[in-house]
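Trainee: Protein sequence lines correspond, in order, to chains A and B. According to this note's numbering, numbering within the first sequence proceeds without interruption in unit steps and concludes at 306. According to this note's numbering, numbering within the second sequence proceeds without interruption in unit steps and concludes at 512.
These aren't lab readings, by the way, just hints derived from the structure by calculation. There may be inaccurate statements among the hints.
Computed, partial: chain A to chain B, Cβ under 10 Å [claimed, not checked]:
#1 THR10
#2 ILE61
#3 ARG161
#4 ILE165
#5 ALA168
#6 GLY170
#7 ASP171
#8 ASP174
#9 MET179
#10 GLY180
#11 LEU292
#12 ALA294
#13 PRO295
#14 ALA296
None of these values were measured; they are calculated from a predicted model. Note that beta-carbon positions come from the ideal geometry of N, C-alpha and C, so glycine has one too.
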Amino acid sequence: MEILVPALLTIITAATPLLFAALGELITEKSGVLNLGVEGMMIMGAIIGFVTVHHSGSAFIAVIASMLAGGAMAGIFALLVLRFHASQVPTGLALTIFGIGLSALIGQSMIGIAYEGIPHISIPLLSSIPVLGELLFSHDLLVYFSLFMVFAVYYFLNKTRAGLILRAIGDSHDAAHAMGYSVIRVRLLATLFGGAMAGLGGAYLSLAYSPLWVEQMTAGRGWIALALVVFATWRTGRVLLGAYLFGGITILQLHAQALGIGVPSQVMSMLPYLATVVVLVLISRDLGKIKLNAPASLGKAFHASS
Amino acid sequence: MNETEHNLIELKGMTKTFPGVIANEDVDLALRPGEVHALLGENGAGKSTLVKMIYGILKPDTGQILFQGQPVIIDSPAHARELGIAMVFQHFSLFDSLSVVENISLGMDKDVPMDILAEEIREISDRYGLPLDPHRYVYTLSVGERQRIEIIRCLLQQPKLLVMDEPTSVLTPQEVQKLFVTLERLADEGMAILYISHKLDEIKALCHHATILRLGKKVAEVNVDEESTSTLAALMMGEDLAPIVKQDHGSFGQIRLQVEGLNQPAFDSTGISLDEIHLDVRAGEVVGIAGVAGNGQDELLRALNGEEKCRSHECIMIDGKHVGLLDPNARRKAGMASVPEKRLGHGAVPDMDLVDNAFMTAFHRMGLLARGLINYPKTRQFADKVIDEYSVKTPGSHVPAGSLSGGNLQKFIIGRELHQSPDILIVSQPTWGVDAGAAQTIRQALRELAANGAAVLVISQDLDELMEITDRIGAICGGRLSRFYPTSQMTIEKVGLLMAGVALEGDSQDAA
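Build out the structure end to end from the sequences listed, making use of the hints.
Mentor: Here it is, written out as structure tokens:
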């Protein structure tokens, strides 16, 4: 138990940034836009969040700033892809490279500065329940917010008309356009939301998970978030499951040696990607499942002709 | 009588130009409530452009629309729906991954709760005889069922004007009959229907008036009862249709294409598996396979042309040689050519130009490859020849295949295959979406190919076409082939029964 509870707690904190970024990317992809720049948007969120908290001292303002930073990165992507019809894959890759470089530049003076981390909230009474109290009711606000966002995204996609329109545009932008829906506007909003959520995920890293700034501190989490969306076959509930699973693997990798597991850590860090490949193979065996969940026009440019 | 007051909608002097093309020039059109009005014309005559302007997808350069006597500017589909104009598209605007009720909800302008909408769908579907389960996912539905979604979606809005763009091209004769009953009933209830088609007998059966477009201009407005199908055809094309010449029976040669016990599993969960297919086509013969879309036509074509390899080498024979395990190119070398139903992605590569597309299937038979290099001058010549002979409307052979209209691309693909004079030609939906004049040219060319000793297999949903050009006819239903009967002994109704999987009573014993 002495090992288990702290381990579970770190799994939750490791899963939260993945969850934010993957939920954002889920919405983006459901609208038919494939933004491979998640890593770049995350790292920008991380540095802007850290710089802001350093100067303003307010975690709240820092979180908002990081979301704006992620959103701005997504805005650049959207401008290139939606307005100028640039190909989505290379543009997304470029966004990642750009984000990593720019964040390193901004963060030059931030190296070595520490921040105490955003405060945890212990819910009175509930948090004093042994084990469960510590596990469930004594996190920082963002952890609760990430879980709330799972519900919000699920509700939006499956229960609201706006969500239906978003899914429709991801399924067939031509048909949606013919019906008079504004493909570009919806995709722009979905992309911006994806960016803001990725920025928030990055901020969680630099403000809560390990509250300091290190160059390239996202360390591939943006890619894991991308893999996660596919792993979840574009379903909200499975994004939650996958985020905790992948978060768990990350933590396991840290504790593996302490626990005496003789698996090299490199193998552990491969696992999320390996799992994604396995899931991809499994779902492609049944085209029906893909048709049902994968956005059919994912990554395709939309030209409003005829 | 003041015409304008009685008209539901009136179009005056509609003109629309695209870069380099005048799609509509000074077109007038008027419909009254309760009238079924045909908009008739060949491909590229400007029918689609005109209705897109009515539905607010395109804006006219000049011209005026009066709706119920009031001048209106229809600037979006939503505005058109608000006025009471509904449209059933030729290519359905449906979302595969969504359910029927979700699809319909997207086409509605107000947000109706799903369960109430589902109830309304059931009501309409019962009332007009359009059976449909609101909770099925669209990708599991047949084309006929998909069309019902579109129609129900329109009816839910209680429109005053219903525009239908070539609605019968995908239906069985029985389904067409049902649709006509529904449409007549709607017209009786006072709805105006604008019916776009180039199928003349349908227009004769259903419509009161017809406006005929040719090359973007209105050439006539006629009372359908006073015209025959041939006078309509003459108006539409500006010339008479030549009847198809069919050779004498009994002069067929040896078996060129033979299929023995072909079994093929479905390639995905929504596909159809092929079950014990037996089939033979002789030299000089045109054999037709009728069937409702989604009954295994796609699978059969893919198994025959090699897109999907067969399980055994023996189940398909070309001129007595086993080819079941050969790939498409090897089968082409053996003399088999094919035209799949899907033009983009199967028949042609959308982003490649017509020259490259011509090369793709013809390089072997036309000798377009020299020491591993593409002989471009020769390929270009070949492509240009196809464009010229089959009057493909295109700025040239340098444009990507995807930029051609469906009918024009079909002419190109068919021409490309026919020009190679294959020994065996398998063609699916040879004239789908092709204008009447060119369709006749294609049908005639298929007959001529057979007359020169080739075996021709036509898979089509157009029964009139099959009756016109085939020597023997059968149907596919649920992945099984019916028996084949000499076309001369068949009627459309009998073929309709075969398509529904019903065996004919009192079989003629000579059927192969």
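Trainee: Compare the structure with each hint and give your call.
Mentor: Now the hints, each set against the structure:
1. THR10: violated (37 Å)
2. ILE61: Since chain B brings no Cβ nearer than about 36 Å to ILE61(A), farther than 10 Å, the hint is violated.
3. ARG161: holds (5 Å)
4. ILE165: holds (7 Å)
5. ALA168: Status holds, d = 5 Å.
6. GLY170: Holds, about 8 Å.
7. ASP171: holds (4 Å)
8. ASP174: Cβ of ASP174(A) sits 8 Å from chain B, so the hint holds.
9. MET179: holds (6 Å)
10. GLY180: Check passed: Cβ of GLY180(A) comes within 4 Å of chain B, closer than 10 Å.
11. LEU292: holds (5 Å)
12. ALA294: Because about 8 Å separates ALA294(A) from the closest Cβ in chain B, which is inside the 10 Å limit, the hint holds.
13. PRO295: holds (8 Å)
14. ALA296: Check passed: Cβ of ALA296(A) comes within 6 Å of chain B, closer than 10 Å.
The structure shown violates the earlier hints numbered 1 and 2.
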